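Residue numbers (the numbering used here), protein chains in the order written: chain A, 1 to 282; chain B, 1 to 201; chain C, 1 to 391.
It is possible that part of the hints are untrue.
[Unchecked claim] Selected chain C positions facing chain B (in silico; Cβ < 8 Å):
| hint | residue |
| --- | --- |
| 1 | Tyr104 |
| 2 | Ile160 |
| 3 | Phe182 |
| 4 | Ser186 |
| 5 | Tyr187 |
| 6 | Pro188 |
Hint data in this document are derived by calculation from the structure and do not stem from the laboratory.
Quick caveat, the model's predicted, so the values are computed rather than measured.
Backbone N, C-alpha and C fix where the C-beta goes; we use that ideal spot for every residue, glycine too.
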Amino acid sequence: MNTNNNVYTIVYTTVVVVIAAAILAIAAMALKPRQQANIKAETISQMLTAAGFSSKEDLAKLGNDQILAMYSDNIKTAFLIDAEGNKTDELETEVSSIELQDNLKVENKNIASGNPSLPVYVFEKDGAEINVIPCYGAGLWGPIWGYIAFDADCDQILGAYFDHESETPGLGAKIKDEAWFREQFKGKKVDFEHPDNPFAIVKGGAPAGDASKVDAITGATMTCNGLDAALDNWFRAYIPFLQKKAGAAMEDDCCGEDGCEDCDHDHDHGHDHNHQHNHQEG
Amino acid sequence: MNEDLKKTLLNPIFKGNPITVLVLGICSSLAVTVQLKGAFVMALSVIIVTGLSSFIVSLLRNSIPNRVRIIVQLVVVAMMVILVDQVLRAYAYSIDKQLSVYIGLIITNCIVMGRIEAFALGNKPIPSLLDGLANGAGYGMILIIVAFFRELLGSGTLFGLRVLPASYVPNNLVILPPMALIILGCIVWVQRSIQKDLQEK
Amino acid sequence: MAKNFFDKIRPTFSEGGKLSWLHSSFDAFETFFFVPNRTTRKGGTHVKDCVDLKRLLIIVVIALVPALLFGIWNLGFQHSKVFGLGWGFWQMVWYGFVKIIPLYLVSYIVGLGIEFASAQMKGHEVSEGYLVSGFIIPLIVPVDVPWWMLAIAVAFAVIIGKEVFGGTGMNIWNPALLARAFLFFSYPSKMSGDSVWVGGLSKALAGGTPWKGGEVVDALSGATPLSHASLDGLSAAGTSVWNLFLGDIPGAVGETSVIAILIGALILVCTGVASWKIMCSSVLGALFVGWLGNVGGVTDIPCWEQLLLGGFAFGTVFMATDPVTSAQTECGKWIYGFLIGALCITVRLFNPGYPEGMMLAILLMNTFAPLIDHYVVSANVNRRLKRAKTV
Numbered sequence: 001m002n003t004n005n006n007v008y009t010i011v012y013t014t015v016v017v018v019i020a021a022a023i024l025a026i027a028a029m030a031l032k033p034r035q036q037a038n039i040k041a042e043t044i045s046q047m048l049t050a051a052g053f054s055s056k057e058d059l060a061k062l063g064n065d066q067i068l069a070m071y072s073d074n075i076k077t078a079f080l081i082d083a084e085g086n087k088t089d090e091l092e093t094e095v096s097s098i099e100l101q102d103n104l105k106v107e108n109k110n111i112a113s114g115n116p117s118l119p120v121y122v123f124e125k126d127g128a129e130i131n132v133i134p135c136y137g138a139g140l141w142g143p144i145w146g147y148i149a150f151d152a153d154c155d156q157i158l159g160a161y162f163d164h165e166s167e168t169p170g171l172g173a174k175i176k177d178e179a180w181f182r183e184q185f186k187g188k189k190v191d192f193e194h195p196d197n198p199f200a201i202v203k204g205g206a207p208a209g210d211a212s213k214v215d216a217i218t219g220a221t222m223t224c225n226g227l228d229a230a231l232d233n234w235f236r237a238y239i240p241f242l243q244k245k246a247g248a249a250m251e252d253d254c255c256g257e258d259g260c261e262d263c264d265h266d267h268d269h270g271h272d273h274n275h276q277h278n279h280q281e282g
Numbered sequence: 001m002n003e004d005l006k007k008t009l010l011n012p013i014f015k016g017n018p019i020t021v022l023v024l025g026i027c028s029s030l031a032v033t034v035q036l037k038g039a040f041v042m043a044l045s046v047i048i049v050t051g052l053s054s055f056i057v058s059l060l061r062n063s064i065p066n067r068v069r070i071i072v073q074l075v076v077v078a079m080m081v082i083l084v085d086q087v088l089r090a091y092a093y094s095i096d097k098q099l100s101v102y103i104g105l106i107i108t109n110c111i112v113m114g115r116i117e118a119f120a121l122g123n124k125p126i127p128s129l130l131d132g133l134a135n136g137a138g139y140g141m142i143l144i145i146v147a148f149f150r151e152l153l154g155s156g157t158l159f160g161l162r163v164l165p166a167s168y169v170p171n172n173l174v175i176l177p178p179m180a181l182i183i184l185g186c187i188v189w190v191q192r193s194i195q196k197d198l199q200e201k
Numbered sequence: 001m002a003k004n005f006f007d008k009i010r011p012t013f014s015e016g017g018k019l020s021w022l023h024s025s026f027d028a029f030e031t032f033f034f035v036p037n038r039t040t041r042k043g044g045t046h047v048k049d050c051v052d053l054k055r056l057l058i059i060v061v062i063a064l065v066p067a068l069l070f071g072i073w074n075l076g077f078q079h080s081k082v083f084g085l086g087w088g089f090w091q092m093v094w095y096g097f098v099k100i101i102p103l104y105l106v107s108y109i110v111g112l113g114i115e116f117a118s119a120q121m122k123g124h125e126v127s128e129g130y131l132v133s134g135f136i137i138p139l140i141v142p143v144d145v146p147w148w149m150l151a152i153a154v155a156f157a158v159i160i161g162k163e164v165f166g167g168t169g170m171n172i173w174n175p176a177l178l179a180r181a182f183l184f185f186s187y188p189s190k191m192s193g194d195s196v197w198v199g200g201l202s203k204a205l206a207g208g209t210p211w212k213g214g215e216v217v218d219a220l221s222g223a224t225p226l227s228h229a230s231l232d233g234l235s236a237a238g239t240s241v242w243n244l245f246l247g248d249i250p251g252a253v254g255e256t257s258v259i260a261i262l263i264g265a266l267i268l269v270c271t272g273v274a275s276w277k278i279m280c281s282s283v284l285g286a287l288f289v290g291w292l293g294n295v296g297g298v299t300d301i302p303c304w305e306q307l308l309l310g311g312f313a314f315g316t317v318f319m320a321t322d323p324v325t326s327a328q329t330e331c332g333k334w335i336y337g338f339l340i341g342a343l344c345i346t347v348r349l350f351n352p353g354y355p356e357g358m359m360l361a362i363l364l365m366n367t368f369a370p371l372i373d374h375y376v377v378s379a380n381v382n383r384r385l386k387r388a389k390t391v
């Protein structure tokens, strides 16, 4: 057969390409569930580490199924909120159909344009609620992101986890590698009074006693600045929600079944109380 | 094993090593050798891709139309690389994240196409398979040597296990690509001092 | 008397003698003391000039001495200031002296050791190119650099920077800067930042306790003027233009005193050892970009003050002018120098990642120097060809 005539060439290439495409399609379909489970497990590990359920190293030793199961067992509810802090959608938390909002890059743009769809993951640990929210931004060489865990009334930070794509090893990469950096966040708060700078990572050391500042990493100024900007951006977007949560939690605490006669509502925090209780100032 | 096959297998390891002698495939050897684990996975991937691509192309060698020869080779290589990438993403996700684009870049690795053109098109399938595997192995060997030094000096660990005492101050420069090229240069230096007939006059 | 000594032992080191394999080392020491008496082949005219490579390099070393002396005093001065010790003049000089001598020992022992060994292995003479590089290296690194780090950096600079390319005169990059760059990229936390430029400060800060009875004064963190990057910052730190010029500020040992460097520049230019063209064009380039920065509102430090900050002055006078690594053609020197000055200030102003740009600027231009020369020469050739055609 003359291998160089036109018809043969066209038929041959078509056949080769079709066969290659078919093989790849079959392989991709067969492997897809595992791949998606991998991606989900990675995101969930980061969240679980921030919330304090385990450490990233320990989670890495478990298999995907165990991590997904851990998520399902410990999650109370997960939903999306809009820019005003109102719930817009629920996310599935059943182990076989876990939904996550992990397209943080897109949401980062949406925050800027004013109509984001932000995820909130509410876990339950030893009876107490833990709210986990993500953050995302630009580091020095590539994107950086992380998860911050708040307590039940979204007042104090319980833990954090940060990751990066291509920061300098030994410097910017320390936001992920060094535990002390993450530990600093425990017990800190978001500064609602100053929405233009709700959190700060301070070069040279945060002033002791300031609940909304942590120390930056020496030599990783640019990465820490990027993380600072990311935290500011995302905290600001979540402030309506966090404040609502804080307000609601306060109500739950003191507004029992008898109404609020015994309550001593403190209106000095500047929180927006969006509730319909009629109560007498006690 | 007959002499020819033995030569095919052993040549690419030393005398005809694709990286140090043919100077092919340098870029990926700089990027993925920061850690031994990554280098190992990359080496395995290249061995599989080169071997199997050579094998398949050799099977097809008499039927490929001449005008579309390179394109057909490219389709075969691309298919193998994508398969490897998908498998890694499914079964070794964390390593795949570390190696990210470099697995995909195996398609552009000159060793693969180079061996197909130079060997597989003119030889029987089994020798082509062996030639591909051996070249991949030669490449892999260099990768592992470079990664050994880079991980040892840059983090004090090997395969993630701490080897040097904690008081060792890690050297940041060896983690960056320029130092990898210098280490590669030193390997070429050592090889040419030992095998003097490789030195050009 | 010394000559007799050398004459007596020379046979042992010549061909056939017992220690002839060490003849390179013997050669090196002999020519260090005496002008070599080998002449060019018979016939033709000979020029007898006692200024050979060794003499040239010794002049450069002499030009470096003012900067070294001032730096020694400054080390003690800064240390005394930051720790509130209130030392006298000689105490400061002694402190600086004691701190810098080990660095010189490491630099020369390791550097010359490698040079001697390579020369022996190749059977060549030892060339004295390392004399100047070895002198410069301790002047541009932080004074507290651990000695083993310095040793590795020197080994890197000499082996990979010089020997691999063929030894003295064949290197593309300035070896002193290679050592500095190696340290900078290998151990960045120890090489930059605010605490490394004052002796003993990083150890004290790390320890967190007062050191030897003195206490770290809060306001002076040991930050160099470059880290302040604005006029307000500079005045807040109490640094005036006169401070910058005289050099009693934190910084690398050789780099701070512009006066001392200018004395060195004078020596080099008057003896014809270094090219004034490179120095001038470097200053022009820096002024130009500094002015652009002022006009563009990037910085409020006036462009002439940029010349006094950081390592610019030292680099321009001693390292950009290195005859081996700089451009060789006269026209090329103008271009080369201008780009060095411009690049240095560009990195300082427009790159937030690096506060100092001189090292990077010089190394980059070292790479391009042959290209600059090539284009200058071919432009010249083309011009002459055109002229020849029209005649």
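Hints, one by one, checked against the model:
1. Tyr104: C:Tyr104 check fails; min Cβ-Cβ to chain B is 23 Å, beyond 8 Å.
2. Ile160: 6 Å, holds
3. Phe182: Nearest chain B Cβ about 6 Å off; hint holds.
4. Ser186: Nearest chain B Cβ about 4 Å off; hint holds.
5. Tyr187: It holds, given that the least Cβ distance between C:Tyr187 and chain B is near 6 Å, below 8 Å.
6. Pro188: Check passed: Cβ of C:Pro188 comes within 6 Å of chain B, closer than 8 Å.
Of the numbered hints stated above, the single one contradicted by the structure is hint 1.
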